[in-house]
Amino acid sequence: MNSKSKGNGIKWLATIGFAFVSLIALFPIIGLLISSFRPSSDLMRDGISFSIDLTKLNFDNYAYIFQEASQYWSWYGNSLIISGMTIILSLFFSSMVGYALAVYEFKGRNLFFVLVLLILMIPFEILMLPLYQLMVSAQIVDTYFAVVLPLIVAPVAVFFFRQFALGLPKELMDAARIDGSTEYGIFFRIMLPLMGPSLAAMAILQGLASWNNFLWPLLVLRSNSMFTLPIGLATLLTPYGNNYDILIAGSVLTIIPIIILFIFFQRYFVAGLTSGGVKG
Amino acid sequence: MSSNLSESKVSTDLNKKPFKEPNKFFKFLNSKKVVPYIFVFPFIISFLILTLYPAVRGIIMSFQSILPGQVQFIGLDNYSRVANANFFKALSNTSIYVLLTVLILTIVPMLLAILLDSKYLKFKTFFRASLFIPALTSTIVGGMIFRLMFSETDSSVANQIVSLLGADSVDWRYQAWSAMFLMVILGSWRWIGVNLLYFLAQLQSIPAELYEAADIDGASGFQKMRFITIPHLKPIIIFVSTITIINGFRMFEESFVFWETSSPGNIGLTVVGYIYQQGIGQNDMGFGSAIGVVLMLIIFVISIIYLILTGTFKRGDE
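Protein chains in written order, with the working numbering: chain A, 12 to 291; chain B, 88 to 405.
Bound-form chain A, shown alone (with noise of 0.2 Å):
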């Protein structure tokens, strides 16, 4: 009896910390969210800020974004669409990469998987300038597809992919022969489905990466209305810009998409990861 209201003591005594260290992780997305109703003089002057005036907060800053940044939109649209291009592609091409590297045994196959791991090794931004280049003289700067391209079979997801499917049980592969099935039939009809967990742990982790992406977009677009959200909020924080009420208030409408792809996937998520089994 005694030793279990001193298990409850430490328990409780440990919750509270932990809580105080989410307060901190979350503080600032609670800051952005409270700001963003927050007149843009008051921010401008104070910053995020601790002395927050309720009765000045007001729906004005979202009222213009909804009403007059048409601009705002169309980067909303661009990254969704190149968002939803690269997760569609690199979860097919890099499953089924991952996968034979897994299941099959052919000439090559550990140096496929030795060249995958050296890819995660160099830093992408030492091939962008190369790369650059190869999209002018492609001409396909300024497009969507020159700006999914690189991500459309990431090593990162390739290894994943061949650690869960490491794990896929081999007999149903012969027990599908012996029905007559073609290997790419036993892929798409029976070991995809299975793969099912790191397929949603990674459609949350390329669409993330994809959503945030900065730095390539940031080279290959050039106009303004191709601009996906991260480029064109940052030209938005200009040294002279003054539009903080664009900004701020458009930040929050940007984690929205992201927050639901998390919540739409987010069971399967730890779980994809675990049985992914991430070995250094």
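It should be emphasised that the hints constitute simulated quantities derived from the structure, not laboratory data. Because the structure is a prediction, the values reported are computed rather than measured. C-beta atoms are modelled at their ideal positions from N, C-alpha and C, and glycine is treated no differently. One should not assume that every hint holds.
Said to hold, decoys possible - Just so you have them, the derived chain B footprint on chain A, three or more residues with Cβ under 8 Å:
id, region
1, 28-37
2, 98-112
3, 152-164
4, 225-239
5, 265-274
Claimed, not checked - Chain A stretches covered by chain B per the calculated footprint, using a threshold of three residues with CB under 8 Å from any CB of chain B:
id, region
6, 40-52
7, 55-61
8, 117-129
9, 132-139
10, 192-201
Fit chain B to the supplied structure of chain A, relying on the hints for placement.
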């Protein structure tokens, strides 16, 4: 691929070796020798075009002077220019950033994950989600929030806290120490939740029997952590810290969002920022490429030394 799918009904079992083959070409495409290569084909293409080509091209460019319409080889001139004060400033900024973030982003998420995995905590799902949510924001959005929180005015959150502690308001974006602080805290804030998930995933794979056996032997909580938890976390500690080192050397956005490409006295200049500034801003792609090659060598050397020191190569793969 979809046409292959529809044909799957016609194909016959390979092991039975039928006398009549319905379609030789398709049978070839479906043979176990060819199939893996078709699956890996996208990777081969993307490796050749998106990695090998730009890597080789980048190395060639680093020996060239590249002006519109005239490209010429200039030997090691670009490399001799790399050794300048701005580059060393960028390199020292980046190195300090790497050191600080590796410490913070390995130790803090590990301790939080151990606590989250323990029986001493309520509301675990909420805590896990709240720490992960910062990762959902982009560096640009996060950076803008931090600019507003750490604005120079006396009334900003950061300066209000500072004044509570009895100090004067800080010009956060214009001093060397606080500039580094801003970049580190923004990067750490966004990444702690992600690394926390990696640690959690690994913690949940530790067999419960080990702890039960330790309990029977009368081990203390500290001993269980020292002899069971930490050793089992070692692979993930290596994974997380290696990724953090590599990402740290690639850091660009945390600096860009605070100062764009020019910070006072280069207090926020990073190596990748320098590549961007020279290669794109000044249109000096040869010089930019040379900086890139130097950065790549630095990352390779440090990663390999780190992986050897931590004994990763000794274990052998799989």
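Each hint, compared with the structure:
no. : hint    : result
1   : 28-37   : holds (count 6)
2   : 98-112  : holds (count 6)
3   : 152-164 : holds (count 4)
4   : 225-239 : holds (count 3)
5   : 265-274 : holds (count 5)
6   : 40-52   : holds (count 4)
7   : 55-61   : holds (count 6)
8   : 117-129 : holds (count 5)
9   : 132-139 : holds (count 8)
10  : 192-201 : holds (count 7)
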